[in-house]
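Undergrad: Chains as they are written, first to last, in UniProt numbering: chain A, 1 to 675; chain B, 1 to 333; chain C, 1 to 275.
These aren't lab readings, by the way, just hints derived from the structure by calculation.
In this text, all values refer to a predicted model and were calculated from it rather than measured experimentally.
A couple of the hints might just be wrong.
Unchecked claim - 30 angstroms max Cα-Cα, derived DSS-like pairs, lysine-lysine: (1) 266/C x 100/C; (2) 523/A x 350/A; (3) 266/C x 254/B; (4) 197/B x 23/A.
Stated by the list, open to error - Simulated restraints on C-beta separations: (5) 74/B x 606/A: 40 to 48 angstroms; (6) 15/B x 523/A: 50 to 58 angstroms; (7) 605/A x 279/B: 53 to 61 angstroms; (8) 331/B x 215/C: 27 to 35 angstroms; (9) 128/B x 630/A: 27 to 35 angstroms.
Unchecked claim - Anything over 10 angstroms on all C-beta distances counts as not near chain B; from chain C, calculated: (10) 4; (11) 8; (12) 68; (13) 80; (14) 127; (15) 130; (16) 154; (17) 197; (18) 222; (19) 236.
Using N, Cα and C, we set each Cβ at its ideal position, and we do this for glycine too.
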Amino acid sequence: MPKVLTTCVYCGCGCGLYLDIEKDKVVGVTPSFNHPVSRGRLCVKGFNVHEFIHSDKRLKKPLIKKNGKFVETSWDNALSIVAKRLKEIKKKHGADSIACLSSAKCTNEENYIMQKFARAAIGTNNVDHCARLCHSSTVAGLAMAFGSGAMTNSIDEIENADVILITGSNTSEQHPLIATRVINAVKKGAKLIIIDPRKLFLSNIAHLSLQQRPGTDVAWINGLMHVIIEEALEDKNFIKERTEDYEKLKKTVKRYTPEKVSKITGIEESKIIEVARLYGKADKASIIFSMGITQHTTGTDNVLSLANLAMLTGNVGKESTGVNPLRGQNNVQGACDVGALYDVYSGYQKVADESSRDKFSKAWNVKLPDKQGLSVVEIFNNAWKGKVNAIYVMGENPIISDPDANHVAEALKKVDFLVVQDIFLSETAELADVVLPSASFAEKDGTYTNTERRVQLVKKAIDPVGQSRSDWEIICDVASRMGYKMGYKNSAEIMDEIASLTPIYAGIGHERLTNWGLQWPVKDKKHNGTKFLHKDNFTRGKGKFHAVEFKEPNELPNKKYPYILTTGRILEQWHTRTMTGKSATLDREEPFGYVEISPEDAKALEIKNGWKIKVSSRRGSIEPIARVTDSAKPGVIFIPFHYKEAAANKLTNPALDPIAKIPEYKVCAVRIDKI
Amino acid sequence: MDKINKNDLLKLLTSLKDKNKLIAPVKAEKDIVFDYVNDVKDIVLDFTNTVKPAKEFFIPQREDILEFNNGKIKAIFSDEKRVFFGIRPCDLKGLCVMDPTFREGIEDPHYLEKRKNTVIIALACTTLCDENAFCESAKAGPVADGCFDLQLIPLGKNEYFVENGSKAGADIIDKNKQLFKKADKSDIKKMEDTKNKKINKKKVDLDLFLEKLKGRFNNKAYWKEASLTCLRCGACNYLCPSCFCNNMVDNTKKRYRCWDSCMFRGFTRQAANLIPRDELYTRFRQRLYHKYKWHKERYGVHMCTGCGRCVTYCPGLIPYIDIINEVSNSNGE
Amino acid sequence: MENKSPYLPKIVKIKKVKQETEDIKTFTLDYKPIFKPGQFFEIGINGIGEAPFTAASASKKHFQASIKRTGKLTEAIHQLKAGDKLTIRGPYGNSFPIEKIKGKNMLFIGGGIGLPPLHSLIRTVLENRGRYGKITVFYGARDEAQIVSREELKNIWPKMKNFRVVVCVDFKKNKGEWPHNVGLVTGIMEKELKHPFTRNKNTIVFVCGPPIMIKAVIQKLLEHCFKEENIILTLERLMKCGFGKCGHCNVGEKYICLDGPVFSYKEIKEFEEEF
């Protein structure tokens, strides 16, 4: 039973595990005792990560649509159709009429190839991926405040914090192996504070667990800072030496008294003071956050506020502190790092910056477009308007994952040409003109970058299933057929190109990653990586305070839509269930879409646990099963977005954060009806 | 009574490998694992214990049971002859503990054939493998008291006392006489010292625990508190050398058996969204009662061998040993 | 070796399919197994899976099972027609205590799809009617459309000697053809248990239905002083193997597939929370 060491494909923890191989099949998983993140432990998804690999439903041959039905075809035929159609559309409507969706599930090498394909082979910056929908506001906000949009500290350090503030992250479900560190910290005496619209699993062991009204994060964070300054708990030395624009912040938060904040957020005044004191007095306080903070029209503001809070108390740039966004997908950090975003090349080098553009033009031997591209949501809006005519999707399923899903489906139906490259025939792939079968994580080499910036190896354990091929190989072939030659011996060679063009990855090469990877920035081939960021200086020099005012969410409840819907994920399912839905063990845990509703609301609506109910917003309606639970706050309901049968994103609001263009998944107004 | 030195042991294993598939501890990239061995030089003799227990070679994490072909069904068996070298006493006892389940009533040949076709050469422990091990209390180690064909008990660095436990074991010694030497008095003393040596840091009293479990079943508050940080990963079943619960899953060509976990909500899922053990604490309680009470009452053995994995690899950091001791020392309510 | 696996099912033809209600069908198979009433079989479709079902027929007769459409497998089974094939293996488990009930009165309480499993026993009893005492059947369904075994409940059993049938529905949608009571089974029990025909504390009671109903029914029976050992239940679990290997049906030191599915309340009352 040979065992091949690799990195888990599910979440951003990046756990190390071996795939057990028997007769060319992956039949099991062995945790790695020595892995720095997982230490011999795994979550239920990790233990069952092998289950989807040999599913009957894997795509094994390229498909083309004829008369509305898919027929199998050869690679040669499929690739020439894709190249021909893309060339035609480019000629007719221009390069910017084509858009590419890259994937946080794919390797760094593949994401790099995808954005190079868009920029160099097609000639457009219309390349983006689901990071736009999860942490683009983190990347924007932390870049503005610190100069670097990533988890400041390492997973290991969490265990030694004195105070841990978790907000907008259901850590035990979404990042179980990070929850382990939180649990351990609490066992060692740390105080855990959770501020989240729902009562979470970790609330069971929290010192304080508070439920704010969704979308009021800037208010309570400003409130904490108000109290901290009022009680002189700020780190004056840190503020003076390391930061700028403090006075502006001070002026703004002065108005956010506990009384005012309590009225906005629904959190008791005394609790705001208590949290402020706990956090303010801690020697090492760590903030952990995730999409509960980022997926708002004020997402960037929320992130800036957390950065303000950390800087105000000197809780950044040292061990076991920091502002720590937990990245969702296994490689969402990496996909951003290597430039699968509409405005930056790899290493966050701006497309708008002429010297960066020159550097990449030279390296790629082609004149690169200077016009900023379209973000994910804008791509679909433009497709709907007929301004985007072809979309090339690699390993994403926007019909389920993007807000206002009905609108996305309509947009996809409108484009002239849709190519989807995936391991399964996803709901999105069903609409495609050409479907290209890709190899799963067990069938290729490459790297993923986990949430703590650790670039780790992914290794080929078995040959690709059927005729499937690595995503990078497919794209290189399409590019070459379109007349822009892209050819690499292997993925290591692609990483060498990334390193040569990307300062934060400069010292990275596959050969250097065999000892549990490296945490970027890795400045050169001798540098051993960076455990935590901003040690003596912030990446941008001084840390910058931003005075942020509270703004209400885009859509508030009213008479017709009296409840607030917030969405999220659960432990055993993954995103749109393309993988977990094919895993017998995982799908059995939660096979049906449901809605969490408080006992008070259920009583008022005369709804019983287990009943199917109708939830509607201005954009659509779905019928999930009611789960009456006191983890829901009266007036607020929660629906996991995984299920196409009860797709929460038919309800969600596509209103965008103006800076990061992230949609407001976490707040929309809905009504509930009995069926 | 015989002994064998390291070089001769490797020779023995080489010769056994000719006619059998040899399973032994080897180094995977970063960790020690059990695997099929091509070259005995790859075998690691001084390993502590693997993360995944040896049961995966008898009830694999996933194993094809039936094959469907044009409306016909065929059962799939492997009749490979195997030698399993280096299994530690706790993992060995794990197999002994699940044997009666697979034997009772209608036998399960998919498991039992593998047991029958595998010669087991156990390797006794002389050093502590895991802070959380309590194999002494579980009467499983550090030296096995049965269930093996041969057991090697280290006599210092390069020599092993050879204990014979079956006819298959005796045959191996017989056929390879030139590789074994007679153990002398000092060897026997060393061997006995090893058997008597206590190396565990943790201690429990499983019989007392069983007694005290009797009155605690309906103490909801206790089980809720105890299971407070369970992250539903299944590690305490998956990595347990004696847990055997399994699921049957179909794909279009095969029906396969795979590991299951009573800690999963879906474990008792029935049609119509009915889940008898829907609440986490009932599943947590089930696991402990099944292991420490019901299996013992039914088959006379605890379904626990004290390997400590369920504590060491629990991402919720649930202190199972403390729970056992807490209940054992309680008034039993 | 290939034929030695106890997991290897027989492939049998479906003889007849009868629509009982909107979502319940009774399948008669071209297969006459020998078994005891109360035992169960694993019925399946290759490529989809298997699940345990209790026989509704008597031994050595054409095998019958009533199957409600509730999940992936039953959905697929419902698509099948006469002439199609199913897989079946069994029988597994213990059976109703036929010997113990000789000469005794019997009360059968079924809810929803919980009546067919009792059929097998009722049919066996009727084959040797003289050996047993009076029979009462209480049956409850959600509404009139959900009533199963309509022919027996309405036309056959009530006309038999020493046989009393009481049917009730949770909700009454229209007038309907059934002279029934409205309310839960437990509701009618309050009144009907006092009926002179049924009232006898030594009656053996057989209960089968959804867990929530079973619990309520037991409570009611105990209130009316029925003996714990005279309350007989059949428990359900999604048993994967059927013979004690998969662990899914472990409750207490018992395996429902080996020691059950038939238990007296006395045997399992400690684990009431688990069923």
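Undergrad: Report the numbers of all earlier hints that the structure fails to satisfy, in ascending order.
TA: 3, 4, 5, 7, 9, 10, 11, 12 and 19
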